[in-house]
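Per my numbering, residue 998 is the first one in the sequence shown, and the count goes up by one each step.
No lab work stands behind these hints: they were computed from the structure. One thing to keep in mind: the hints can contain errors.
To be verified - Pairwise CB distance ranges, derived in the manner of DEER restraints:
1) Gln1001 <-> Ile1143: 37 to 45 Å
2) Lys1332 <-> Lys1385: 19 to 27 Å
3) Lys1413 <-> Ser1168: 52 to 60 Å
4) Asp1166 <-> Ala1354: 48 to 56 Å
As the list claims (entries may be wrong) - List time: in silico DMTMM-like cross-link candidates among lysine to aspartate or glutamate, alpha-carbon distance up to 20 Å:
5) Lys1163 <-> Glu1104
6) Lys1363 <-> Glu1396
7) Lys1529 <-> Glu1304
8) Lys1400 <-> Glu1411
9) Lys1555 <-> Asp1521
10) Lys1122 <-> Glu1151
11) Lys1536 <-> Glu1461
12) Lys1225 <-> Asp1193
13) Lys1264 <-> Glu1399
14) Lys1214 <-> Glu1250
15) Lys1295 <-> Glu1392
16) Lys1488 <-> Glu1006
17) Lys1348 <-> Glu1333
18) Lys1413 <-> Glu1392
19) Lys1369 <-> Glu1399
20) Lys1413 <-> Glu1438
21) Lys1325 <-> Asp1303
22) Lys1225 <-> Glu1111
23) Lys1103 <-> Asp1166
24) Lys1122 <-> Glu1111
25) Lys1369 <-> Glu1396
26) Lys1103 <-> Asp1193
27) Lys1105 <-> Asp1220
28) Lys1161 <-> Glu1242
29) Lys1533 <-> Glu1461
30) Lys1529 <-> Glu1456
Positions of the beta carbon are idealized from the N, C-alpha and C atoms, including for glycine.
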Amino acid sequence: MNYQKILEEIKNRLDIVDVISEYIDLKKTGQNYKSLCPFHPEKTPSFFVNPSKQIFHCFGCGKGGDIITFVMEYEKVSFSEAISILAKKAGLEFEPSEKSFSYASKEKLYEIYEQALHYYISQLKNSEKAKQYLKSRGINEQTVEIFKIGYASEERNSLYNFLKEKGFDESLINSSGLVNNSYDFFRNRIIIPIQDLTGRVIGFGGRLIERAVELPKYINSPDTPIFKKGENLFGFWHAKQYIREKGYVIVVEGYMDVILCHQYGFKNTVAPLGTALTQEQLEKTKRILNNLKKFTNKILLIFDGDEAGILAAQRSLMSLFNGGFIVKIVLLPEKEDPASFLQKYGEKAFKNYLSKALSPVDLIIKSYPQKKLNEGIRNFLNMLSYLKDLIYRDELLKELSEKTGINEITLREELKQIISNKTSKKERIDLKAYSGSKEEEILLRIVLSYPEKINYILEKVKIEDFEIQSIRNIFLKIQELQRNSEFSLNKLLTMLDEEEKAFISKLIMTSEIDEESVIQNMKDCIKKLALKSIDKKIKEVAKLGDEKNLNELIKIRKSIIRNYNG
């Protein structure tokens, strides 16, 4: 079954406003329609539908996407089942190729993943290149065994052939997410199994061994009936008993961070998979945090101490406060993550950093310069409005008063005002402060509103330099479509995961770039991104004291300014 064709036909025949109107009451407001959101309780409508772009977005809970996403979310059905429902509404015949999933026992899927695990482990034993890579990352043989780390060879269909030899049905193999049309999903990657809380393998993460600009460094196996990457924590199976023993959990960002932390004795460490612990992804975050809270309500977040790490720490606070967690934050030296830090400095130095963990108040004071501290305090009070633990909130307010010198009564009155006046619109403004590079976001807005500008933008920017991973991933998919002269919003949406769809729908709904200013906006953003990239290189070369290269880079910087000002 060609999903692309059936999707296009469904969207040609059905209007998103008509379909959503079958489920909820929509009222026209300007060019859009609005309603109370069907996915979370609210008193003021924050759910919008855009008929021209055929997308929806809720500014309260962050859900968004196309007609397929809506039906999946509302009906609580799979992608294939959503297409079946909509195909019937459109008068189309649809026989899902994934039908086997509906009838096949989940035990068969677990069995496939268990066999794949054994296969990847055997491949690692036969690959000196893969073993050398793990050694270079400081991972010892005992840790390899504990985490059941494996390797996927460069061959296109070796796992597929292995599973066929084991007697698995071809349709089930192709539907497992590990194989696509007889081609292996993972190739030339270190394979790290993801286990559920019972220890069963439900998915895999793959890390490239050799550098390749066109390929992502890490990928996860696709979602299946037994695996939802946005609802699982890596290392949870290994860490759960130690989380109970220690009374808190350490949350890091990546596979290698978790693995090295466990190897060095910090065995209460986990990492989210594909979903940051942020307010923007609240629904998925809730599922992760609800599982975690069965073991502890205390979280120690570890981030790189650079600007991006500090921003990521800030963005996590609202979600964790909303989940009822007590939070502390560790900021490592710039350009260090837990894995690299442990390799360089060892267990004692790492433990010393953990002992200096910041409270949320310390983080805010550290994040904002003195002249902008009031802005930071207001943002922090907004975060506290999400905090369900009133005793913890009281402690933080007292700490904030003591460390800033602001009268505690004043802070309490301000917080009271925020809570009483909180609306979907205000939440949208507050959340906007935590978005990343505005230039990247504006360029994506331009591409979505003015597709004729895509080629110019792709020629002028380096996608690999983008700071925001979600935007980088979306631009790579836009580039792929444009390369084949197939770009359209509908086709792009079919390539995006649910988080990316929600992000896109939000951008479209809040786009304010008019046709008269689009060229100037575009050039300004490209210029700023180019300057940001060259300034980063200048900083690095200046540290090395390479005067010749430094002068060349300064010339390039002047050329960028001259070209975009001319």
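Open item on the list: Quick check on a hinted range of 52 to 60 Å for Lys1413 and Ser1168, using CB atoms only.
Closed with: Taking Cβ atoms as reference, Lys1413 and Ser1168 lie about 59 Å apart, which means the hint holds.
Open item on the list: With the threshold set at 20 Å, check whether the alpha-carbon distance from Lys1555 to Asp1521 stays at or below it.
Closed with: holds (15 Å)
Open item on the list: Against the 20 Å threshold, does the CA-CA distance of Lys1413 and Glu1392 hold or violate the hint?
Closed with: holds (16 Å)
Task: Ile1143 and Gln1001 - C-beta distance against the hinted 37 to 45 Å - done: holds (42 Å)
TODO: Quickly compare the C-alpha distance for Lys1369 and Glu1396 to 20 Å and report which way the hint goes.
DONE: Holds - the C-alpha atoms of Glu1396 and Lys1369 are around 19 Å apart, at most 20 Å.
Open item on the list: Run the distance test for Lys1529 versus Glu1304: straight-line Cα separation, threshold 20 Å.
Closed with: holds (14 Å)
Task: 20 Å limit on alpha-carbon distance, applied to hinted pair Lys1348 and Glu1333 - done: Distance of about 15 Å is within 20 Å: holds.
Task: Agreement of Lys1413 and Glu1438 with the hint, judged by alpha carbon distance not exceeding 20 Å - done: violated (33 Å)
Task: Restraint status (C-alpha distance of Lys1214 to Glu1250 at most 20 Å) - done: holds (14 Å)
Task: Hinted pair Lys1369 and Glu1399, Cα distance within 20 Å - done: holds (18 Å)
Task: Restraint check for Lys1105 with Asp1220, where alpha carbons must lie at most 20 Å apart - done: Answer holds: Lys1105 to Asp1220 is near 16 Å, not above 20 Å.
- [ ] Would you mind confirming whether the straight-line C-alpha gap from Lys1122 to Glu1111 stays at or under 20 Å?
- [x] holds (17 Å)
Of the numbered hints given earlier, the model fails hints 2, 13, 20 and 28; all others are met.
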